[in-house]
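In terms of the working numbering, the sequence shown has 368 at position 11, counting the first letter as 1, and numbering is strictly consecutive.
Just so you know, these hints were derived from the structure itself, not from any lab. Since the model is a prediction, treat every value here as computed from it, not as a measurement. The reader is advised that the hints may include incorrect statements.
[Said to hold, decoys possible] Quick list of in silico lysine to any residue cross-link-like pairs, SDA-like style, CA-CA up to 25 Å: (1) K382 with G367; (2) K413 with L376; (3) K413 with Y389; (4) K373 with Y358; (5) K385 with I396; (6) K382 with R392; (7) K415 with K382; (8) K413 with K373; (9) K413 with K382; (10) K415 with I396.
[Said to hold, decoys possible] Each pair of labels, with its calculated beta carbon distance range: (11) K373 with K415: 38 to 48 Å; (12) P374 with K415: 10 to 20 Å; (13) H370 with E405: 20 to 30 Å; (14) E405 with K382: 14 to 24 Å; (15) L407 with H378: 23 to 33 Å; (16) K413 with D391: 42 to 52 Å; (17) V390 with I414: 17 to 27 Å; (18) V411 with K385: 25 to 35 Å; (19) D408 with Q371: 12 to 22 Å; (20) N395 with H370: 28 to 38 Å.
Cβ atoms here follow ideal geometry from the backbone N, Cα and C, with glycine treated the same way.
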Amino acid sequence: YGIQTRPIWGLIHQQKPYLSHQTYKIEKAMYYVDRVLNIPCSANLSKEDLDFVVEKIKSFEK
């Protein structure tokens, strides 16, 4: 589709520096970590770039 994407950052409680720290119940986070996709977001994106991303996302519904 010509849109740069990336997965979300790993969950903090699973990252090495935080393994021995207190954690909380976050059952839904475990579900979403493999289902969420970051799309472009920047103050430097032009209106044309934003419109392009929005139109591609809208086309997924069709």
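Is 23 to 33 Å a correct range for the gap between the Cβ atoms of L407 and H378?
violated (38 Å)
State, for the Cβ atoms of N395 and H370, whether the hinted interval 28 to 38 Å holds or is violated.
Given about 20 Å between the Cβ atoms, the range is violated.
For the pair supplied as a hint, K413 and K373, confirm whether the alpha-carbon distance does not exceed 25 Å.
Status violated; Cα separation ~36 Å.
Within 17 to 27 Å or not, the Cβ separation of V390 and I414?
holds (21 Å)
Lying within 10 to 20 Å: is that true of the beta-carbon distance P374 to K415?
violated (40 Å)
Are the Cα positions of K382 and G367 separated by 25 Å at most?
The hint holds at about 16 Å.
Just tell me: holds or violated, for the beta carbon distance of K373 and K415 against 38 to 48 Å?
holds (39 Å)
Hint check: K415 vs K382, CA-CA at most 25 Å. Holds or violated?
Given that 25 Å is the threshold and the Cα spacing comes to 34 Å, the pair is violated.
Within 12 to 22 Å or not, the Cβ separation of D408 and Q371?
violated (36 Å)
Does the Cβ distance between H370 and E405 fall inside 20 to 30 Å?
violated (39 Å)
Is it true that the CA of K385 sits at most 25 Å from the CA of I396?
With a Cα-Cα distance of about 21 Å, the restraint between K385 and I396 holds, given a limit of 25 Å.
Could you tell me whether the CB distance from E405 to K382 stays inside 14 to 24 Å?
This hint is violated: roughly 43 Å between Cβ atoms.
Going down the numbered hints, you'll see the structure goes against 2, 4, 7, 8, 9, 12, 13, 14, 15, 16, 19 and 20, while the others check out.
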